[in-house]
Structures are given as structure tokens and as C-alpha cells.
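Enquirer: Okay, here's what each chain looks like letter by letter:
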Amino acid sequence: MSIQIILNLLIALMWMFLREGYTASTFIVGFIIGIGLLFLLRRFLPDIFYIVRLYRIFKLFVFIFIKELIMSSVNIVALAYKPKLNVEPGIFKLPVELKSSWEITLLSSLISLTPGTLSVAVAEDQSSIYVHAMDLPDIEESINDIKVTFEKAIMEVTR
Amino acid sequence: MIEIIVSLLILIGTFFTFSGSLGIVRFPDVFNRLHAATKAATLGVAGVLLGAFIFLVFDIGIISGKLILGIFFVLITAPISAHMISRAAYNSGVELTEETRHDQLEKDQSS
Amino acid sequence: MLKEFGNQFLDIALWISFVGVTLSIALLVYRTIKGPTNPDRAVALDAIGVNMMALIGLQAINLATDKLNDVILLSGILLFIGTIAIAKFLEKGVIIDRDHR
Amino acid sequence: MINLIFLPIVLPLLASVIAALLTKKIKITRLFSQITSVVFLIFVGGLAFYIFQNGSIVGQAGGWAAPYGISIVGDPLAILLVLTTNIIGTAAIFYAPRILEEKQERFYFYALYFLLIAGVSGAFMTGDLFNLFVFFEVLLMASYGLIVLGNGKAQLRESFKYVLFNLFSSMLFIVSVAYIYAITGTVNLAHLAERVETVEQQGVLTAVGMILFFVFAVKAAVFPLYYWLPNSYVVPNPVVSALFGALLTKVGIYSIIRVYTLIFVHETAITHSIFIWLAMFTMIFGVIGALSTHNVKLIVTYNIIPAVGFMLMGIGLYTPEAIAGSVYYLMHDMVIKGALFFLIGALVIAAGTKDLRQMSGVIQKYPLLGWVFFIASLILAGVPPFSGFIGKILLLEGGLRQEEFLLVIVALLSSLLILLSMMRIFVYGFWGELMDGLSNERKRIRQLTIPGVVLVGLAIFLGIGAEFVYPQIESISNMLYERTDYISSVLKE
Amino acid sequence: MEIILTVLASILFSTGIYNLLQKQLLRIIVGTVLISHGAHLFLLTMSQVKRGAPPLLVDDVSSYTDPLPQALILTAIVISFGVTSFLLVLAYRTYTLNKTDNMEEMRGSDYD
Amino acid sequence: MIFAIFAPLLLAFIIPLLSKWKHKVHTGWLILPIPFAVFLYFLQYVGADFQPQMVSVDWIPSLDIALSFHLDGLSLLFALLISGIGTLVVLYSIYYLDHKEQLGHFYTYLYIFMTAMLGVVLSDNVFGLYAFWEFTSISSFLLIGYWHHRERSRYGALKSMLITVFGGFSLLAGIILLSIVTGTTSIQGMVEQSDVIVNSEYFPFILIFLLLGAFTKSAQFPFHIWLPDAMEAPTPVSAYLHSATMVKAGIYLMARFSPILAGEPYVFIALSLFGLVTLTWGSYMAVRQTDLKGILAYSTISQLGMIMAMLGFGTKVGLFAAVFHILNHATFKGSLFMIAGIVDHETGSRDIRKLGGLFTFMPISATLAIFGTFSMAGVPLPFLNGFYSKEMFFQASLDNTASGAFAETLVTIIPVLAVVGSIFTFIYSMYLFFNTFTGKSQVEELPKHPHEAPKMMLVPPFILVLGVLIIGLFPTIFNESLITHAADAVYGGEANKEIYFWHGLIPAFYMSIAVVVIGAIMYLTKSKWSRIYQVLPGRLSMNRVYDWMVEKSETASQRITNTYMTGSLRQYMVLLLTAITVIVAGVLVKTNGINFDMAETASITTTEVIVTLLIAVAAIATIFARNRIAIILIVGVVGYGLAILFVLYRAPDLALTQLIVETVTVTLFMLCFYHLPNLKKDTSSWFTKSTNVIISVAFGLLMMVVGISAYNSRSFDTIAQYFIDNTYKLGGGDNMVNVILVDFRGIDTLFEVAVLFGAALAIIGMIKLRRNKGAN
Ligand code: NA
Ligand code: NA
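Top to bottom, those sequences are chains A, B, C, D, E and F. Counted the way the working numbering counts, the first sequence spans residues 215 to 373. Counted the way the working numbering counts, the second sequence spans residues 8 to 118. Counted the way the working numbering counts, the third sequence spans residues 127 to 227. Counted the way the working numbering counts, the fourth sequence spans residues 4 to 496. Counted the way the working numbering counts, the fifth sequence spans residues 5 to 116. Counted the way the working numbering counts, the sixth sequence spans residues 1210 to 1985.
Looking at chain A on its own, in the form it has when it is part of the complex (with noise of 0.2 Å):
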């Protein structure tokens, strides 16, 4: 993807210097030219579309991501004005299947936005994330819910 970004910025400013016009209308006009020969000569890149890609990603960001948000915090919010807690935390271990750093940084965040769910820490192999629950009565159900949710997304956008 990063080599898709480098060549497009490239474009946008050979497009500059073509045009002699060092204004952002000039860059923006040929970065869009760029995207243009990018769509066209997709095949010939290692990778899939990377327009394609930021359109996962921004899905993954405003459907998920937004989303889970909103129901954590009403969550937190009405734990917050509960007279008396009566909650369970704990730290659970979540094997995960990602591979790549960035990946699981992801996965990480998410979690943490993810209602009663905070990644505490990575395994040094990887293998896993540590997370704290505030309320956790039952391990195994944590972990499926952000099997589902998140590891399926994210490996979406980043395969």
C-alpha cells in the first residue's frame, strides 16, 4: 500500500513540475491523475488497490469503530452514575491470529474502544493480547466477541 501512496505522490508532483504551478490546486489535480494511472495499471502492482483499501478501512473506522463507541461509552456512562458497582473486572489472555505489529496495535485500539474491554498488553511473541475487562464473568464469551468483530474486519482491510 505504502508503494501505491509513494508512487501517487510521485505523479502528483511530476504533475507540478510539468505544469510549472507549485499550488495545492496543481497537486490536488495531479494527484487525482495519479489515481486515474494507478486504477488503470492495478494489475500490474503487487498489491490490491489501495483506494480500495482506505475505502475498508474508513468502512472499518466509521461502522465498527464509531459504532462500538457510542455503545462503550453509554456503557461507562451508566456504570459511571451507578450508585454502587458491582462489577468483576479482569485480565483475560486473547490469542489472536494477526501477524504483522501494525495489525495487532490495531486490534489493541480497538479493543480498547470496544465496550468493558482494554488491551493491557501484547505477549512478546505476538501471539497474544492481554486484556482487562471490567466486567468479566465469562472469559470465552470475550474473547469470540472480538473474534468476531474486530479480527474479522481488520483482516478485511489488511489481506
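All the given hints hold, so there is nothing to weed out.
Here are a few chain D residues that face chain E, going by a calculated C-beta distance under 10 Å:
| id | residue |
| --- | --- |
| 1 | Y71 |
| 2 | F136 |
| 3 | V151 |
| 4 | S162 |
| 5 | V166 |
| 6 | S173 |
| 7 | A181 |
| 8 | A185 |
Under 10 Å between C-beta atoms, here's a sample of chain D residues computed to sit facing chain F:
| id | residue |
| --- | --- |
| 9 | F168 |
| 10 | S172 |
| 11 | V178 |
| 12 | P387 |
| 13 | R427 |
In the DMTMM-like style, the derived pairs of lysine to aspartate or glutamate whose C-alpha atoms are separated by at most 25 Å in a straight line are:
| id | chain 1 | residue 1 | chain 2 | residue 2 |
| --- | --- | --- | --- | --- |
| 14 | D | K495 | D | E200 |
| 15 | C | K160 | B | E102 |
| 16 | F | K1977 | D | E108 |
| 17 | F | K1889 | E | E109 |
| 18 | C | K218 | A | D339 |
| 19 | F | K1799 | D | E270 |
| 20 | A | K307 | B | D110 |
| 21 | F | K1229 | F | D1307 |
| 22 | F | K1799 | D | E406 |
| 23 | C | K214 | A | D339 |
| 24 | D | K495 | F | D1934 |
| 25 | C | K218 | B | D110 |
| 26 | F | K1977 | D | E104 |
| 27 | E | K54 | F | D1943 |
| 28 | F | K1229 | D | E444 |
| 29 | C | K214 | A | E338 |
| 30 | D | K368 | F | E1360 |
| 31 | E | K54 | C | D196 |
| 32 | F | K1229 | F | E1310 |
| 33 | C | K214 | A | E317 |
| 34 | F | K1898 | E | E109 |
| 35 | F | K1938 | C | D192 |
| 36 | F | K1898 | E | E108 |
| 37 | C | K160 | F | D1891 |
| 38 | A | K307 | A | D339 |
| 39 | D | K357 | F | E1360 |
| 40 | B | K73 | C | D192 |
No wet-lab data here; the hints were simulated from the structure. Treat the numbers as computed from the prediction; the structure is a model and nothing was measured. Glycine included, every Cβ here is placed at the ideal spot set by N, Cα and C.
Given the coordinates of chain A, work out where chains B, C, D, E and F with the ligands should sit on it, guided by the hints.
Expert: Below, chains B, C, D, E and F with the ligands without anything else, positioned relative to chain A:
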């Protein structure tokens, strides 16, 4: 009309922000407090800033990229910050609250 | 008519929000001072920063100015850097800086 | 012509940056610094000559009229002090390579030196109260850098206190500016002088003036605010001590002179009589300090303090001749303190110790050093016909005319004790049986002595040739006393 | 409001000074930081607050807050920052050389 | 004349070169002509028809300081003594000081002294006089310390310098007052205005200042103590400075101002009282000495006291006798010093207990000594000049008149003291001569085998003794050509003219006889009563006072300095803050500066109040924080709070900067303090804690009161409007703060960056430049 939307946005935002802070004060240990900070407070500030963004768009006609960027930034960084702090807290030996039931991390480390 | 009501409503909403956010900061200040552990304080300080961004947003509406946007964006960035830095320092050693109560 | 007035401030800053960049090649840095200093000196000399001939030059930075922009005022007083600063600085630059370790030179001695000169010159020349603060910070920052240069254990310990004291007084400075801005709505000195005339609440203005006085007094090392000075000045390298002793406290005194002749002149019965008392105690405790130690460098350091008392005395007396005395003394003291620190540095290198009890007979091997030191001591004590004498008779005359007999007696007794403290070095350190362990680096000692010789020569000239200098000083003091010249030259429409 | 701010600035001064009078390096530096905050606040307060819009030119605004003190504070803040940074490093070096962070133990009259 | 005065000084500059250039020839020979030429120059003025004259060169006209020289009888007398005895002393020194000595130094000091002393006696400008005066002290210091490897020399040098410079500074105050009162710096001008001076309200001060100057220089009791220690100088110096010339500078000063001062009641009391006490005490102490030069030193003190007393009498006879005795004393005392030097030189000892019977070994010296000592003793023989002035002294001591109880008592005591002093003078004179040259010789006890001095070495004392005799035999010649003129100058009019050997059987003659008789008896019975010296001076010795003072100056100043120079930062801060608080508060109250009449203030909103409160709480919380991270973060709260305030008060740029700075600062704090110990509990005493609280609260209150008063004392519109109006028009920007920063006040910003630059350099230096471990 816009004023009312803005008003609602900022009121809701404020409510979340305040509630988050209340959580930070009330919850028993640092991890629980982080839950409050990462979720409610972040959402609250996003709401207020969105209100400000809309207000600026309609009141003085400025579409402020910086503000949008600011909102995104907060949203993106909040969980990272939370993760960093919680890791730091755990590694520096902050004790979990007495109600904590499980601690698989400690088990793994001690083995 | 609606415009006028809207403006009045906004004024009241602003006032409530200002006070609300400020009180929220007050709670956080309490937590920063109280601790009891340093990660607690770090959380609270980070949250103060976030609240501050909200407050600046409110002020931007209040003054109807876009001159504060820089401040908001930069606060976000700085806050992140600051929090990461603090977390790093907190993690570096295993000294428990817990207040002796 | 007008724009030339910025150069004494801006050029050293430029030189500082260049010196910092050159640092890796130490020989080139040295050469660059030496050439630059001499060139600056010549330039400032020319500028001073022009100003003495043709009157003040006032530059408005960026062309913005006073009081809105920052005025850089090259009045005779300022340019005289800038000139003296450059003279001492140049001497220091030639002294430095012989006394500093190469590491110290490499770690930005020259860059910090030029920064110091920029700050000091700026402080002398600025016509803006807040800008004065900024220049104070520049020179202080440079001094912080210089004082820690070398990183000794005691050095850092004392530097810490030094920085704290100055930091605190800087903060008070800001607060004073705030107060003054509240009352008068301006920060330009000339504009302030004009406005204070019509302030109804003179009382609070006077109190604010006193706070500002204390700000400067900390830097000038007036009783009871000088505690930081002896230890801080004794720990760094002699060349740094010389720069400090000759320049730093003088900036404080200059600021007191400037502000208390230009702005706060309406409650002299209260303020200036406080100064007289403080001057007395400054003299007394300063000489007591000088007598209390066997560390030769500390003796010289302590001797900074009574000199401050003398200068403050003139301000307290607040008559044209007493002010002239202060100004003369100021110039004289810059030169002679520089010289003494240079010489003491050489003495310590020669004897291999700072402890007077362990040295003796140095003059037998290093007669030039001994005799120059002897003459410098006489100059310091105000023995005629040298430079200290001229300032002293003006001050004494001022004191006697104001019937401040106690002050005069204290001043005379402290002069005597200054002489005693210096003569103890001469009698017990230079005289006596040839000590063991005296350095054999004759060439180095001679090179270390020469800057002192030059400055002592200058001090002698300032005394014997007083007729060339005094009329300028007299007109400076009249200008200070009259105020209108300064105000109109800055605020000309 | 200016009166309240003056009180606040004075409190900053008082607490700063109290810290300055303590023994440990950290407290002392904290003291200086508080004092400089107080000083900057004085500068802001003394020039009257909330008189008009922020000092950024806008077409339909004619009344602005006094911009000069803001400029001065800005300069002062940056300078304080430089000095504080220096002081922090100095404190660290002082500690490592003198093996104590207690000012009262850093007396002595040995001058190397 | 100016050349004559400065010739020795000019020569002094090349003496070091001369002494190196010609090693074979004794430097003394090379430079001997100069003082002699000067002597001849002044000699030409001697004569009955002498008229005073004045030469003047501008020096610092702006300050009325000039090199103006007035040659009148008094100056001439002194100038002749200085150059004449100077010549003899140089000649004498050629034999006294060995080749191997540092002759260059010796003669340089000596010639500097010659010019200085000539300057003192010839200057008409008071400041000129003062300058030369100090130089006599300095050259005396250098000469006493000539053999500086001797501990006693260093001691004596420092002592003489301290006491004489003390007097010099006092003199300076005196002459400045005189010039203020009279509006002139010329002595002649002052003499003309003697009424103005005497009637001035400053007169008591002037008098005290001048007297201190004169008394210290001329070794009057109790300032005499430096003179015996000055004997550590080579003997030619003792003969010259410490007997014939420099010590008479104080006498000269009193004589010079005599036309103004003489006859004033206080002057009479002060001078005659101190003079006579000095005379008596000096002669009394001289008898006790065992060192030849010690005897001579106390003798000099005593004789100076006598002259001082005569100046005090202020009568025609007294003044005349004073002048006359100046000359006489120079001759006989000069010769005696030289003889003492010869004895020292040839026997290796000056200890009178070891000496004796030297007449056989050095008959010429002994003969010369006879004349010297007998003249000094005032033995009534017609060829001894000492007798003449001594008898005039007695005569003068009898005809004083004064009013006032104290002065009247003094008048009756004066003759008694005069006689007592003279008796002791007689005793030590005899003691000096007989114990040295007669009696049993103890040759084996002496370091060297005694023999007569080289001929040329005897010439100078011989010439001086010749002077004693010629003056004694032909007083009139000297009287008319020289002494009269001098006495006129002192008296300020026609002085006494006559010198007779035989006045008839007047009381003075009986007094002289009494002195000789009683003195002889007491000398012979000395061993019977000399135990008195164990009682007096005993502990009363002024030397003890001086030593005590010098020692105290060191120990007491150490103690004082150590009490406050403790190196404690806290203590320094406490003193600083207390001083500022007390003085500023005092000024505020004294000037009615407190102003609580409320000026217009901005509205108060809840938000602002809460934020303000929060900052305050956080600031206070720093005090109670007990761990380092906590305190750093709490400071962060304060900083962020301030940023909020900046936002609320419409200062976006400030808020921005504050945020950046605060964040970086907190990070730096963490970085630097991570490795430092954690905060500890404040274990200081209850007293310390409460002092801290009081001081910090008091200072805060002061800031607050001044702040509120300043705010309420707003008297002008600020210069802000100009910036608002011109930001765009002239500065070309729309952010006023930015435009001010980069344009209107660009210098601020440039040098603000310079501060950061300096900080960076300093920090890099601190981190990178570490001393090698050994140095720490
Ligand atoms: Na965050
Ligand atoms: Na010694």
C-alpha cells in the same frame, strides 16, 4: 435550527465528557478508570468538537479541516494512549483492585 | 423567531457546557492530585487535555472564531505525544510510585 | 548612520552563531574570535567617538517609531559602557586560550562569550523595559552556559544557586513590567519617563519602582541580595570570572542608574535614602567578606561587592556630580575588575594554589605579575592618580555636600579595608620566601599577565588622563540628571 | 475578574516560593515553574482581560484585546522554557556529580 | 621647578634598566647626581630676599585638580631637607647596601618617594598634595618591605601602610570638605579664606579629618605604633623617610594650615595635648628599647610630638621653634640613624645589650654620635642646634594662654609634660651613646669583629653633624636666609626672628638645667626604676590594640561571613524575600501606595472562576505531593490550566505556545528526574516550616496588594491601539500578536531565539563535556 443542533451536540458531548470524568473519579483502579477515559471522554470531546465544526461551517462559513483532523486525531489516539498507560501501569506493578477476579497475565508471567 | 430561540438556546447550552466541562476538569484535577498511583495521574492528566480540547471548542463557538482551531488540533497532537512519553517513563522502571498513605 | 547602532548588538549574535558552528576546528575558532573582537572593538570605538562628538543616535528597530517599536538608544552612557565591555571582552578573548582547557573552548566558550557580549551590549543600549528583560535573559543564559563550562562538582552546585537567584529576579522583572504596564500603558523607557510625570498614584509607582530596583539589585549584588555572588563567581574558570566580575554586576548597576535617573525620580526622599543605607551595608559586608578568606580568587570576588556599594552611593546621593562619580566608578570598576580577575587567574596558575597561606614569594619569579597586581590593587582602593580616585572624590564630594558623613566615613573605611584585603595577597602571596612548587611555565604566565597589563594601563590612563574622559562623564551625568535629552531624542516626532 | 486573577497569580507565587524554599532539587525547580506561571499571568492580568476579540484581525470587529502583553508573554514563555530546560539538565548533572538531590547538603566551600 | 620635582620619578622609571645594564658599578653612583642637582636647584632660592613663587600645570581642570606648586619658605625648607638628606642617604646607601641586593628596586622606590615627598611639600592644589601624600605612604610601604622574605618586614610594611593610608583617606575627606567650604582647591586660596573655614559648620569635621591625616603620618600617639616596626627597612630608609622627611609630612600639613588653624581653641587643645603625650610617651618608651634603631624610632616619635605640640601652641615663639626644630631634628637624627646603621653594618648587631665599648673600634663614628646624641638631649652647649630649639620649646610651653576649664588645666600641665618628656629624652640620648660606645666591650658576642666604617660611608653622617654644629654656631645665617621665611609661612605673617644662645636666667633656662640634672641622675640610677616598664605600658600597648584589630578583622569577618554565607539556598532565599517584602511593603505604606478604589474590571464567569480555583488547588497541591511523578503531573495541570485561561482570555497564540511548552517541559522533567531519588517527607523543624509559610504567603500578599493597587492606578490608555490600527496597514499581517512579535518587536523575538540558542549550547556543553573521573 443549526444552533439547536450545535447545542444538542455540545450538550451531549459535555454529558459524556463529564460522565467519563466521573468514572475516572469513581472507578476502583487505574484499568477501570482507563475504560472511562478512553471511551466516554473521547466520545464527549468528539461531540463538542463536531458541534464547533458545524457551528463554524454555518455561522461564519468556514470548513475547518484542522478541526476535523483534531477530532480524528483524538479518536485514533485515545485507544493507543490508553493501551500505553495500561501497559505501563501493569508493568510498573500497579495492583489491580480487590474485586478483580482473573489475572491471566500474571499467571503467564510467573510461569 | 427560530433563529432567536436558537441563539438563546445555544447561549444556555454553551453556559451549561462550559460549566459541565469545567466541573469535569475539576474532577480530573482531583484525581491527578489524589493519585493514588502515577498511571492514575497520567490517565487523569490525559483526560484533562481531552476536556481542554472540548473547552476550546466551546470557546470557539462562544467567540464565533476559527482562530482556535490550531490550538485544538495541536492540543490533540501534543497530548498524545505527552501521554506516550509519560507512559514510557512510567514503564521504564518497576518502582512503584505509590503514595505512602 | 542610524542603523549602525544595531550592530554592537546584532554582530556579536552573528559571531556567536558562527563560533558555535566553527567549534570543531578550535584554532580557527580562536582566530575568528580574536579577529572579530578586535574588529568589533574598533567599530564600537568609532561609534563611541561619533556619539561623543555628535550626540546620541537612536535607532528604531524595523523603523517603527517609539514608543511602539523597540528603541535602541546609543546615548553617550550606553556607548561608553558598550565600549568598555568590548575592551574587556577583547582582553578576555586573548586571555582565554591560555587558561581554558581545549575541551572548554570547544564546548562553546567563544559562542557563549559572543552571546554574552550581545546581551550585555543590548542591555546597555535598549530603550525598552521589556526588551531590557530579554537582553538580561540573553546575557544570563550565556552566563549560565559559561558558569557550568567545565562541569566541576562545586561548579555545578554553585551554578544551580546562581541560576535560581537570577531566575527568580527575572520573574520579578516580568511582574514589574506588568505592574508598570498596568499603571502607564507603555514599556518604552522614554515614554515611561514622560508618562510617570502625570501619574496620580505616585505611591504605587514608587513601590513598583522598588521591586524593579530589587530585580536589578539581585543582579548588581547589592546588600542584602548578593549572597549568590561570591561562590558563583569563584567556581568558574578565571576568564569567565573576569567577564562576570567586569560585566554582569555592572549591567545591574547600569539598569539601576538608568531607571532611577530616568523614571523613578519623584520620591527620592524615600527611595534614594534607602539606596544610601543599602550602599553602606553593601560596602561593609563586601569588605568583611573580602577579609574573611584566604582564597585569593574569593578575595577579589568579594571586592566586587563594595564597588557596587560605591556606585549605588552615587545614585542614592542623586546629585549631578555624584551620578558622574557613579558612572566614572562604573567604567573604572569594569576595567579594573577585569584586570584583577585576569591577574588572579595568572597567580593561581603560577602558584598552583588558591590558598594564600600556601603561597609566597611569587614576585621573585614573576615580577611583572606582582607589580601589575600591586598597581591594580592601588587602583582598586582608589589611590590617586589612578581611575578609582576620580570616581571616589566625586562620590565623596557628593556625600559630603549632602552631609552624609556616616556614608562618607563608611566609604573611606571600606576603601581602606579593600586595600588591606588586596595587600594581604601582595604581602603574603607575592612577597616572602620563594615557595616550592611555583610554576615554571614562564611564557604562559607572561601571556596570562598581558591582558591584565593592558587593562591596568587603561585604568591608569583613566586616572591620569581623566581630563580626556571626565568631560564626557560630566555631560553624561548631566544628561541623566536632566532627563529631557534622553526623552526627546527617543520620542522625537 | 482581574482581581481574582491577581489573587491567583499571587497564589502561584506563594506556592512557588514555598517550593523554592524546600530542599529537594525537584521541588525547587517546580517552584520556579510555578513562579514563572505566576509572572506570566500577572502580565496578562495587568493589561485587562476580555476587552474585545482575540487580537486577530477580522473584518467586522473593531474592538480587540490588547495584543502587546500577549506578545510579551509569548516571548517570556519561550524564554522561561529555555531557562527551565537548562535548569533541568543542570539539576540532573548536579545530582550525578554531587550524589545528592538535597540542596542543604550542597554547601561546602571547596571550589575545586 | 616642576622638572626638579619630577626628575627623581622620571629617573625611577629607568632605574631597573640601569641596575641591569651596569652590573659592575653600584647603581647608587649612577643616580646620585639627581637628588644633588635638585638640592642645588632649591638651594639657589635660599637667601634673605626670598620671595614665594608659584608654578602650575593643568591636570584635570574639570575637577579643579592641577599640578600647581607653591614654593614658599616652609616648602623650601622641606625641599632642601628632602633633596639634601636624600643625596646623603643615597651616598650612604652605596656603602650600606651590597651589590647583590636588588638595588634596582631599592632606588626605584626611593626615587618615587623623593618626587612624592617633594610633591607633598610643594603642592598648592590640595588634591595634588593628597596624591603625592598617598605615594609617600606607598613608597614607604615598599621600602619597609624591601627585605620581604623577613616576616617582620612584611608585618611592618603592612602596618605602616594601613595606618598611614587610613590617615590619608581621612585627609582626603578633610580636603574635600575644605574645597566645598571655600570653593577652591588651592591651599593659598584656602588660607585667604580662613575666616570662612573657621566659621563653617563643617569646621569640626574638617579639623578631625585633617588631624587624623597628620597624626597618623607623623606617628602621633596613639598612631605612633607603625614607626618602630618601620625600622625593618634598610637603615638609609629609616634615616631618610622615617626620621627626616616622610614622618614630617603630618607636621608639614599642620604647619601649612597653621595660618588657618593656629589659635583656634580646639586646635590648641588637640595638637598640644596629643603632641605632648606623644613626646612623653615616645621618650619614655625609647628608654625601654634594646635595639638601637628602636630607640631612635621612639625618639623620633617623641621629637615629632614635640614639634606637633609647638605647632599647637600657635604662638610666635612656638611656631618659630617648631620650624627650627624640623631642621635641627633632621640633622641630628639623620646622623644618628646613619651611625646606628654603621654600627649594625660593622658589628652585625643593633642590640644595645650586646654592644658597648665600641669607641676604641670606631672612634670617628663615636665622635659623630656624641654630637648627635647631645644635640638631641638638648644639652646646653652653644654649638648644638638641638639645645636652641629645645629651649625655645620650653619658653613656648610657658607662655600659652587659653580660656575654658580644660584648656586652662592644659596650660598648666604643658610645662610639666615638656620637662618630663625632655628628661626621658636626655636619658635615652645618654643611654644610646654611652651604652654603645663606652663601657665594657663584648666583642666575642658580636657576629662580626667591629672596625671603623669605610671613609665614604662616614661622609654623610659627618656632613649632617657638621650641619648640627654650623647651625649651632651660626644660627643667624640659617635664620635669615631660610628659617624666617619658613616661620613666616607658618605664622601667616611676620614671625619671630631671633635665635639666641643666652636669653638670660629665664625660666626656660632653669628648665633646661633641671632636665640635665634630673636626667643625669635618672640615667645613672636606671636599673633601680626600670621595673616600671613591666607595669606600663604592659597591656596598654597600642601595638596590642593594632594586632588585636588586624587579627579581629580576619577572625571576626570570618565569623560574620560564615554566619550568613552558609551556602544554604533556602537561607539566601529567605533573606532575599524578607528584604524585598519588608522594604517594598514599607515604601508602599509610606507613600500611601495602596489603592483599592476599584477600577473597571472584566465580568466574572463561573467557568473562569472554577478554572482559576483549579489552578490554585493544583498549585497548592504541589506542596503536598509526595512523589516525583505526581508533582510533575500536577505542575502539568497548572500549565494546562493556564493554557485554558489563555483561551478564555482570547489569547490563542499564547495558549498554543503554553501547550507546547508545557508538554515538552513535563517530558523533560520526566527525563531528568527519572533517575533522581523520589520526593522525601519534609522533615524540617516546625520553625522552618512556619517560616517558609509566612515568607511565601507574605510575599504573595505583597505581590497581590501591589498588583491590585497598580491595576487600580491605571492612568493612561495603553499603546495597544496603534498595533490594532497598524497591524495590517504597516505590518502586513492579520495576527496582531504575530505581527508584533516579528515586526514591531522583532528584536525581542530575535533575542528570544538567542536565549534558546544559548540554552542549547549550554545543555550540549553540560552533557558532552564531562571531566575525566580523576578530576571529580
Ligand atoms: Na488521548
Ligand atoms: Na603566605
